[in-house]
Amino acid sequence: MSSTLPRDTPGLIEAGGHAYPAVLLPGISAEPERAVRADDVAADVDGELEAAGASHVDALREAGATLWDGPVLVYERVADGAVICRRSTYFRVLATSAAVGAELAVAGADAPLSELPLRRRAIRLAGGDPIASGRGRAAAVGLNIAVVAVGGGGRSALIGRRSRAMAAMPGMWSFVAGNIEPTDGPRPLASALGRELTEEMPALSPADARELVYGARVHGACFSLGRLGPSLLASTRIDATADDLGRLNAEEFDETRIIDLDDPESCWTGMSPRSLVPSSAALLSELIADD
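Numbering of the sequence shown is given in my numbering, commencing with residue 1 and proceeding in unit increments.
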């Protein structure tokens, strides 16, 4: 990775007439129980990188972003069809992986690596390939899940614009999203999917969420070239209309939109790389193709 966003990166996500700054990770299991494996060890986070990125945490705090310093699972590598994770904390994520992404966002995707000291160090700590290795940084293992409503004869889903108060990707469009946590137990992805559906889709009861997770499918994982971290992509179907699903959690989403998955052109309207979270772009592309 000799530049910040190589135009010839294999697997770069291209959809809706745009190239999104993410690539698909190959070989991830389609089964939630097998797609993520958590090793019960602490991630080895580089102290110098964390110290250099602390100003990003301070800037978020000064801007009034919603912050919490809970435990999270962070990226280690991909092996045997699974994203392998280790334990860390959210503030370490913000000071390393998120700070690397913020640095690039300010400088621009065409900025030379020489002008991006955080990214340059993160790449070096990963042995030159941060897609293959999470060493040295805390890159949260995220998730995106779409509930596809099929009760009206077609396929539709809810997507929301993230609150400006969110620490990650504020103001951007996203499906239900979150991070996987050490407390999610021996089935970390399934547990995290259920938790996020319950929290972010108020119309669903915990029992509804559990049933939807039982039928969930993993479409794979994408790796953000901004924050240098992966997100699992999942969907599940419900025999209801999108209107029945109400709106997404107003504390995390300022606006909710219904998208018609059978009308691809309308799905991508207004969803440029500046306005759509890369992992949600990857999932949307998978959903449209999955007819």
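For the record, the hints were derived by calculation from the structure and aren't laboratory data.
Small disclaimer: the values here were computed from a predicted structure and weren't measured.
Fair warning: there could be bad hints in the mix.
For each label pair, taking beta carbons as the anchor points, the in silico distance ranges come out as [claimed, not checked]:
{"#": "1", "residue 1": "P112", "residue 2": "A51", "range": "35 to 43 Å"}
{"#": "2", "residue 1": "R187", "residue 2": "E62", "range": "32 to 40 Å"}
{"#": "3", "residue 1": "D262", "residue 2": "R210", "range": "24 to 32 Å"}
{"#": "4", "residue 1": "G246", "residue 2": "D44", "range": "40 to 48 Å"}
{"#": "5", "residue 1": "R210", "residue 2": "G70", "range": "47 to 55 Å"}
{"#": "6", "residue 1": "S266", "residue 2": "R120", "range": "36 to 44 Å"}
{"#": "7", "residue 1": "S275", "residue 2": "Y214", "range": "16 to 24 Å"}
{"#": "8", "residue 1": "G17", "residue 2": "D44", "range": "35 to 43 Å"}
{"#": "9", "residue 1": "D44", "residue 2": "G64", "range": "13 to 21 Å"}
{"#": "10", "residue 1": "G17", "residue 2": "T66", "range": "18 to 26 Å"}
{"#": "11", "residue 1": "R210", "residue 2": "A54", "range": "33 to 41 Å"}
{"#": "12", "residue 1": "S114", "residue 2": "A240", "range": "31 to 39 Å"}
{"#": "13", "residue 1": "D290", "residue 2": "D44", "range": "47 to 55 Å"}
{"#": "14", "residue 1": "R247", "residue 2": "D44", "range": "40 to 48 Å"}
Note that CB positions come from ideal geometry on N, CA and C, so glycine has one too.
Okay, the hints, checked on the actual structure:
1. About 24 Å separates the C-beta atoms of P112 and A51, a value inconsistent with the hinted range of 35 to 43 Å.
2. In this structure, R187 and E62 meet the distance hint of 32 to 40 Å, their C-beta atoms being roughly 38 Å apart.
3. Between D262 and R210 the CB atoms are about 28 Å apart, so this pair conforms to the stated range of 24 to 32 Å.
4. Take G246 and D44: their Cβ atoms lie about 43 Å apart, and the range 40 to 48 Å holds.
5. Restraint check, R210 to G70: a C-beta distance of roughly 22 Å breaks the suggested window 47 to 55 Å.
6. In this structure the hint that S266 and R120 lie 36 to 44 Å apart at CB holds, the actual value being about 41 Å.
7. Restraint check, S275 to Y214: a C-beta distance of roughly 33 Å breaks the suggested window 16 to 24 Å.
8. The hint said 35 to 43 Å for the Cβ distance between G17 and D44, and at roughly 41 Å that hint holds.
9. Distance hint check: the CB atoms of D44 and G64 are about 32 Å apart, inconsistent with the given range 13 to 21 Å.
10. At roughly 33 Å, the beta carbons of G17 and T66 sit outside the given window of 18 to 26 Å.
11. For R210 and A54, the Cβ-Cβ distance of about 39 Å falls inside the hinted range of 33 to 41 Å, so the restraint holds.
12. Between S114 and A240 the beta carbon distance is about 52 Å. The supplied range of 31 to 39 Å is therefore violated.
13. Taken as a hint, the range 47 to 55 Å is violated for the pair D290 and D44, whose Cβ atoms sit roughly 38 Å apart.
14. Between R247 and D44 the beta carbon distance is about 41 Å. The supplied range of 40 to 48 Å therefore holds.
Violated hints, listed in ascending order, are 1, 5, 7, 9, 10, 12 and 13; each of the other numbered hints is respected by the structure.
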